[in-house]
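Enquirer: Single-letter residue listing:
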Amino acid sequence: GAVVSQHPSWVICKSGTSVKIECRSLDFQATTMFWYRQFPKQSLMLMATSNEGSKATYEQGVEKDKFLINHASLTLSTLTVTSAHPEDSSFYICSARDRGGGPRDTQYFGPGTRLTVL
Amino acid sequence: QKEVEQNSGPLSVPEGAIASLNCTYSDRGSQSFFWYRQYSGKSPELIMFIYSNGDKEDGRFTAQLNKASQYVSLLIRDSQPSDSATYLCAVTLSGAGSYQLTFGKGTKLSVIP
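Residue numbers (the numbering used here), protein chains in the order written: chain A, 1 to 118; chain B, 1 to 113.
Everything labelled a hint here was simulated from the structure, so no lab data went into it. Be aware that one or more of the hints could be misleading.
Claimed, not checked - Below, a list of computed lysine-lysine pairs in the PhoX-like style, where the Cα atoms sit at most 20 Å apart:
{"#": "1", "chain 1": "A", "residue 1": "K55", "chain 2": "A", "residue 2": "K14"}
{"#": "2", "chain 1": "A", "residue 1": "K14", "chain 2": "A", "residue 2": "K66"}
{"#": "3", "chain 1": "B", "residue 1": "K108", "chain 2": "B", "residue 2": "K67"}
{"#": "4", "chain 1": "B", "residue 1": "K67", "chain 2": "B", "residue 2": "K56"}
{"#": "5", "chain 1": "B", "residue 1": "K67", "chain 2": "A", "residue 2": "K41"}
{"#": "6", "chain 1": "B", "residue 1": "K108", "chain 2": "A", "residue 2": "K41"}
{"#": "7", "chain 1": "A", "residue 1": "K20", "chain 2": "A", "residue 2": "K55"}
{"#": "8", "chain 1": "B", "residue 1": "K108", "chain 2": "B", "residue 2": "K42"}
{"#": "9", "chain 1": "B", "residue 1": "K42", "chain 2": "A", "residue 2": "K41"}
Computed from a predicted model, the values in this text were never measured in an experiment.
Please construct the entire structure, taking both the sequences and the accompanying hints into account.
Expert: Dropping the structure here:
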């Protein structure tokens with residue numbers, strides 16, 4: 001149980017294009033999903049918290065107009081990197097909190113999406 | 001600034017030994033504590049969670065929590081080369097509401113065959 005998927009697992013795009021990353025909770029409902037970014041040899045950095053049916057809450061320094069988050073259902077959140085640039089190249093990881101119980105506050109992570117912007 | 005501190009390592013232990021990973025946190029009101037394992041190039045996977053003071057055992061893993069001293073540790077018994085990874089300590093801060101986790105920077109563990 002508690003499986004989270006992400007798609008795509010990796011993507012290469014040209015500078016200036018937009019990229020959409022999907023995060024799905026496969027066997028549970030997630031009222032809250034989180035988006036993280038991880039640069040090589042660094043720890044996870046929380047970008048935003050996404051609640052189903054409401055606007056995402058962005059961490060300080062994260063541009064909400066550049067990183068668009070939509071949490072349209074209890075099992076799906078999407079992150080769109082708009083007008084991507086090489087400095088946006090990173091490992092993007094989502095996590096989901098199980099609404100139905102289980103260990104409280106536990107976040108289950110997706111496998112991540114590696115974005116390379118040329 | 002609420003922080004979670006870990007020794008970055010690398011921590012090297014011989015195969016079969018006990019690996020001890022430590023983590024301290026600054027927010028005395030922290031409520032939930034997690035250990036995640038992250039292999040290079042992969043996303044974190046949950047190993048254990050602990051909420052109450054004391055020890056919690058799961059197979060070869062034991063989590064220890066001491067809220068008075070504000071530290072949480074992870075012991076790995078009979079370490080295997082497959083345990084070589086970065087171990088992330090994560091804490092849910094008091095009053096977070098949205099259940100955000102604050103991560104330490106991780107300790108890199110190497111188990112030498």
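Enquirer: Take the C-alpha atoms of K108 (chain B) and K67 (chain B), compute the straight-line distance between them, and say whether it is at most 20 Å.
Expert: 24 Å, violated
Enquirer: Below or equal to 20 Å on CA atoms is what counts here, so check K20 (chain A) against K55 (chain A).
Expert: 17 Å, holds
Enquirer: Check the hint pairing K14 (chain A) with K66 (chain A) against an upper bound of 20 Å on the C-alpha distance.
Expert: At roughly 16 Å apart (the allowed maximum being 20 Å), K66 (chain A) and K14 (chain A) satisfy the hint.
Enquirer: Holds or violated: K108 (chain B) and K41 (chain A), Cα atoms, limit 20 Å.
Expert: 10 Å, holds
Enquirer: Would you check the hint for K67 (chain B) and K56 (chain B), treating anything up to 20 Å between C-alpha atoms as holding?
Expert: 14 Å, holds
Enquirer: Assess, step by step, whether the Cα of K55 (chain A) is no farther than 20 Å from the Cα of K14 (chain A), and give holds or violated.
Expert: 28 Å, violated
Enquirer: Assess, step by step, whether the Cα of K67 (chain B) is no farther than 20 Å from the Cα of K41 (chain A), and give holds or violated.
Expert: The given pair, whose Cα atoms are some 29 Å apart, is violated under the 20 Å limit.
Enquirer: Tell me if the straight-line CA distance from K42 (chain B) to K41 (chain A) falls inside 20 Å.
Expert: Distance of about 12 Å is within 20 Å: holds.
Enquirer: Under the criterion that the straight-line Cα-Cα distance not exceed 20 Å, is the pair K108 (chain B), K42 (chain B) satisfied?
Expert: Given pair K108 (chain B), K42 (chain B) holds - Cα atoms ~14 Å apart, limit 20 Å.
Hints 1, 3 and 5 from the earlier list are contradicted by this structure; the remaining hints agree with it.
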